[in-house]
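Novice: All chains, full assembly: derive it from the sequences and hints.
Protein chains in written order, with numbering that gives the first Met the number 0: chain W, 0 to 306; chain B, 0 to 306.
Worth flagging that the hints you see were computed from the coordinates, not collected in a lab.
Do not rely on the hints blindly, as some may be mistaken.
If chains are identical, the list can't say which one is meant, so a pair holds when it fits in one copy or spans any two.
Subject to a maximum C-alpha distance of 27 Å in a straight line, what follows is the list of computed BS3-like cross-link-like pairs (lysine-lysine) [said to hold, decoys possible]:
1) Lys-175 with Lys-82
2) Lys-291 with Lys-179
3) Lys-179 with Lys-286
4) Lys-82 with Lys-286
5) Lys-279 with Lys-175
6) Lys-19 with Lys-179
7) Lys-291 with Lys-19
8) Lys-60 with Lys-291
Protein chains: 2
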Amino acid sequence: MSLLVVGSVAFDSVETPFGKADEAIGGSAMFFSTSASYFEEVQLVAVVGDDFPEKEIDFLKSRNVDCEGLHRVEGKTFRWEGKYGFDLNEAITLDTQLNVFGDFHPRLPQDYCDADAVFLANIDPDLQLEVLDQVRDPKLVACDTMNFWIDSKPERLELVFSRVDMVIINESEARKIADKANVVQAAREIQKMGPRHVVIKRGEYGALCFSDDLIFFAPAYPLESVFDPTGAGDTFAGGLLGYLVGQGSIRPRDLRQATVVGCVMASFCVEDFSLEAMRKLDYDIIKRRFEKFQRLVSFEPLELLDQ
Amino acid sequence: MSLLVVGSVAFDSVETPFGKADEAIGGSAMFFSTSASYFEEVQLVAVVGDDFPEKEIDFLKSRNVDCEGLHRVEGKTFRWEGKYGFDLNEAITLDTQLNVFGDFHPRLPQDYCDADAVFLANIDPDLQLEVLDQVRDPKLVACDTMNFWIDSKPERLELVFSRVDMVIINESEARKIADKANVVQAAREIQKMGPRHVVIKRGEYGALCFSDDLIFFAPAYPLESVFDPTGAGDTFAGGLLGYLVGQGSIRPRDLRQATVVGCVMASFCVEDFSLEAMRKLDYDIIKRRFEKFQRLVSFEPLELLDQ
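Specialist: Below you can see the structure in the form of structure tokens.
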């Protein structure tokens, strides 16, 4: 199986109450593919400038990420600068420099067009559609988006939604797209736009997965030290889709596990700046945290109420 | 076993995007005792005016709530008026009339002083201390509080915390008391003030229970229609403590189940205005929803990662 991701690779400068990272490696496709690489082979489509370090591309290759679609062009790599307040809940964007990303049009290498699964990270819906026009017969297509596109290109976004199997978005964005304050109603509304599966990211509260009649609530792990939430959403999507594609099926049982795997990977991501905490994982570490998640939410059936 | 609650009984006038309730029955002790009554005998200490309907006291008695401590005095019952916005997350208080509650000092009937467990609902910490001075040897004492007391009587509140076994509070209040943005750190900080068990209410995101080394994450049920969140927190506490006292033990296993029972009861509470949805429950209905909670969060262990 193969999992194609199209998104951004960037330098992030981030300040949190716990420290500062200057021009650290980031971008949706970077977080996604690192996370997914623990479960499935990933094909990466993105663009970087001539200032992007070769050793980071080597890192991706070492993780079995196919970088044929990672185009290097003249100019500077996409840069984002942001800051988090005391509660780490929302990033304030201080600066965005699109640089080489400004002219980005995803061109898929020939063998990427047969990808089994596709993740369209949060980019312009028009670019997401360009990707969909290039892939042949993927079994699973998922997408993310953000407020900016909901406001500026609602019709193009609806077209994207009508062509994907799964939407993975933040709770506030789900409410906005669906114009429903109630999260269940919002998910049902989005399902009506096309995607069979809707996964709603709730930050430190975990995630909700809706699929046909299934509603599954995955917790976030209550960590004593959260350093930097940047990239947690894409890391979540990477874990979820990587695991799902690796399983080769989308039964409710797989969706439940995959949503938890997403939360597991995100729980590593936030423990350090940039990709740092995710560079050194292995199956054993991931599995042990997965088991912690299981203990976190497990409880016995009621018995004494029968008396 | 017996479970004593001291708190308010009130008339609530509530407006939500889904409707309006005028002078409906409310108050922390009212929600708590109705909820707890499904699991344990409750002794209620509160005050009402001469305008409080006798049939509501009959309702409590029919639910096995001992109303000897519910004092009726001359004057008007406590009134609260509030409004919820689109997302139902926070109530805006429009009006508060303490009325007879303004001169309230809890006087416990003789046999209440031997209560096995006590819940000090969100009232003046000085009144909470007056209750603690009257009870003899309760096995479990829990309390709630709110921002108003954290700001105005921090030292009295710390004294209360040093004398209770369990604190059940909202997430934002836990962060404020502990001066920690991180919820795990906040809970650990509160534990240092005295209570062995800290339960943090997160509204539509469920609840977290901390006890010694235990961390348990209970989900809230994602309901398609939430009518009125008023009283959900006290209903949660009622279910949690009612179940726990009914079990007669506070093992981690009981705490996990009790926290879920709290969420189950709160999920009924929000489905209608006032106490309406909670008047007509029975063990079967409660148990079926408990089972729905179990399906909501259950997932299989990872296997394929071993390959």
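Novice: First find the shortest C-alpha distance between Lys-179 and Lys-286 inside one copy, then the shortest across copies, and answer within, between, both or neither for a cut-off of 27 Å.
Specialist: neither (36 Å within a copy, 30 Å between copies)
Novice: Given a CA cutoff of 27 Å, do Lys-82 and Lys-286 count as a within-copy pair, a between-copy pair, both, or neither?
Specialist: The answer is neither: 32 Å in one copy and 46 Å across copies each exceed 27 Å.
Novice: For the identical chains here, do Lys-60 and Lys-291 meet the 27 Å Cα criterion within one copy, between copies, both, or neither?
Specialist: neither (30 Å within a copy, 44 Å between copies)
Novice: Treating 27 Å as the Cα threshold, decide for Lys-279 and Lys-175: within, between, both or neither.
Specialist: neither (37 Å within a copy, 36 Å between copies)
Novice: Cα distance capped at 27 Å. Does Lys-175 pair with Lys-82 within a copy, between copies, both, or neither?
Specialist: Classified as both; 24 Å inside a copy, 22 Å across copies.
Novice: Given identical chains, is Lys-19 near Lys-179, meaning Cα to Cα at most 27 Å, within a copy, between copies, both, or neither?
Specialist: between (37 Å within a copy, 20 Å between copies)
Novice: When no copy is specified for Lys-291 and Lys-179, does a C-alpha distance of 27 Å or less occur within a copy, between copies, both, or neither?
Specialist: So Lys-291 and Lys-179 pass the 27 Å test across copies only (24 Å; inside, 34 Å).
Novice: For Lys-291 and Lys-19, with the copy left unspecified, which applies at a CA distance of at most 27 Å: within, between, both, or neither?
Specialist: neither (29 Å within a copy, 44 Å between copies)
Checked against the numbered hints given earlier, the structure breaks hints 3, 4, 5, 7 and 8 and satisfies all the rest.
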